[in-house]
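*Asks:* Go by the hints and put chain B onto chain A.
Listed here are the chains, written in short residue letters.
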Amino acid sequence: MDVSVTVNGTTYERDVEPRKLLIHFLRDDLDLTGSHIGCDTGNCGACSIIFDGVLAKSCMLLAVQANGASIETVEGLSEDGELTPLQQAFNEHHALQCGYCTPGMLMSATALLRENPSPSDDEIKKALQGNICRCTGYWNIFEAVKSVAK
Amino acid sequence: MLLREVEYAKPGSLAEALELLAANDGARALAGGQTIVNVMKARAASPDMLVDLNGLEELQGIELAGDGTLTIGAMTTYSELMASAEAKARPILGEVCATIADVQVRNRGTLGGNVCSNDPTNHLPPLMVAVSARMTVVGAGGEREVPAEEFFLGVYLTAVGPGELLTRISIPAGRKDGFAAVTLGAEGTCICNAAATVNGSVRVALGCVDAVPVLVTADSPEGVADAVRAADLMPPSDVHASCEYRMHLAGVLATRAAEEAAGR
Chain A
6 MDVSVTVNGT
16 TYERDVEPRK
26 LLIHFLRDDL
36 DLTGSHIGCD
46 TGNCGACSII
56 FDGVLAKSCM
66 LLAVQANGAS
76 IETVEGLSED
86 GELTPLQQAF
96 NEHHALQCGY
106 CTPGMLMSAT
116 ALLRENPSPS
126 DDEIKKALQG
136 NICRCTGYWN
146 IFEAVKSVAK
Chain B
9 MLLREVEYAK
19 PGSLAEALEL
29 LAANDGARAL
39 AGGQTIVNVM
49 KARAASPDML
59 VDLNGLEELQ
69 GIELAGDGTL
79 TIGAMTTYSE
89 LMASAEAKAR
99 PILGEVCATI
109 ADVQVRNRGT
119 LGGNVCSNDP
129 TNHLPPLMVA
139 VSARMTVVGA
149 GGEREVPAEE
159 FFLGVYLTAV
169 GPGELLTRIS
179 IPAGRKDGFA
189 AVTLGAEGTC
199 ICNAAATVNG
209 SVRVALGCVD
219 AVPVLVTADS
229 PEGVADAVRA
239 ADLMPPSDVH
249 ASCEYRMHLA
259 GVLATRAAEE
269 AAGR
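Heads up: the protein sequence lines correspond to chains A and B, in order. Just so we're aligned: the first sequence equals residues 6 to 155 in our numbering. Just so we're aligned: the second sequence equals residues 9 to 272 in our numbering.
Errors might be hidden in some of the hints.
As the list claims (entries may be wrong) - Listed next, the in silico DSBU-like pairs over lysine-lysine satisfying Cα-Cα at most 35 angstroms (straight line):
no., chain 1, residue 1, chain 2, residue 2
1, B, K96, A, K130
2, B, K49, A, K130
3, A, K131, A, K25
4, A, K130, B, K184
Treat the hints as calculated values from the structure; they're not laboratory data.
Bound-form chain A, shown alone (with noise of 0.2 angstroms):
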């Protein structure tokens, strides 16, 4: 199937087998692999987009239902080179140990401060439940989007 997604504002036109998971098809046809495949049964979140303005897990989503939609990745964050704020602080928080979960929680954590910019702590946490770090370094990622938070 033809599909036309726009990833970071880049418009990609693929033809597509309908199997095709939507995180395979990020990393395998558009060769965007800072989203990573963690589990591939949706408990993980490393592979977490933003698609059409909303967080989701790209390996519970097919790539044909990406056809006209606005997807962001990790890569999509940085501008000209620049780390983001929040990136920065993931640096400066020492929050990625391994760094396999770091594409993932940055994603879910972008999300949650465009929505709501001063998240208290509880807020945090649950916004990155979804999100699992098996170096379980999650104390220093909490501490980094805190440091962020308005």
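*Replies:* Here is chain B on its own, set in the frame of chain A:
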């Protein structure tokens, strides 16, 4: 994970969706995809065709009528319901949706998908029974309304037949509701849950103890535990809880939900 080959159709109207489902035996509706995509990865089911219901206006929207009746489109996501000013008329709905899985799942998962998949561990089947919801089902034979008590027929089985779709859920006015669950981790899968409504008497619907929600009634929250015992439950045992433990939880959670409902 590579799914088995599947066709994909994106109908432009409810009528077109119904035609596609009726004309293809192996077709299944794709709502939020937060269950079926995983089911397909595990090959527990491999539909030949997915009929994507996203974007169908007939299945969206939340309306609050003058008498307090809420009408909720089947494709309403948990997040949309939580954010809806209208849905606050029955606060338990948003409160329970806020405890389902995580943000990403709530952003895509739908009320219609939750009830139509009728996994016995889902949150909404018992809640729909407790609040006396009415489900509107549409097919080639027209439209019919099914009370929630008659909607859930078996594990993964509802009154929505082949070639049919749930279009909306109507919920009467009320505020005295409660919900209690023991879950795998915070806001994880339910090991046992109970939804209660007080309207004169107490209605409690229990989840995870049978193929479909089990409805018990009592005159007061104090009588709920006895009513649960009298229901002669024989819940399944699994790695998370034995039959006996689930029976115990059913009584405890039914009482908690009833007390929450009565206290409002």
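*Asks:* Could you tell me which of the hints above the structure violates, numbers in ascending order?
*Replies:* none
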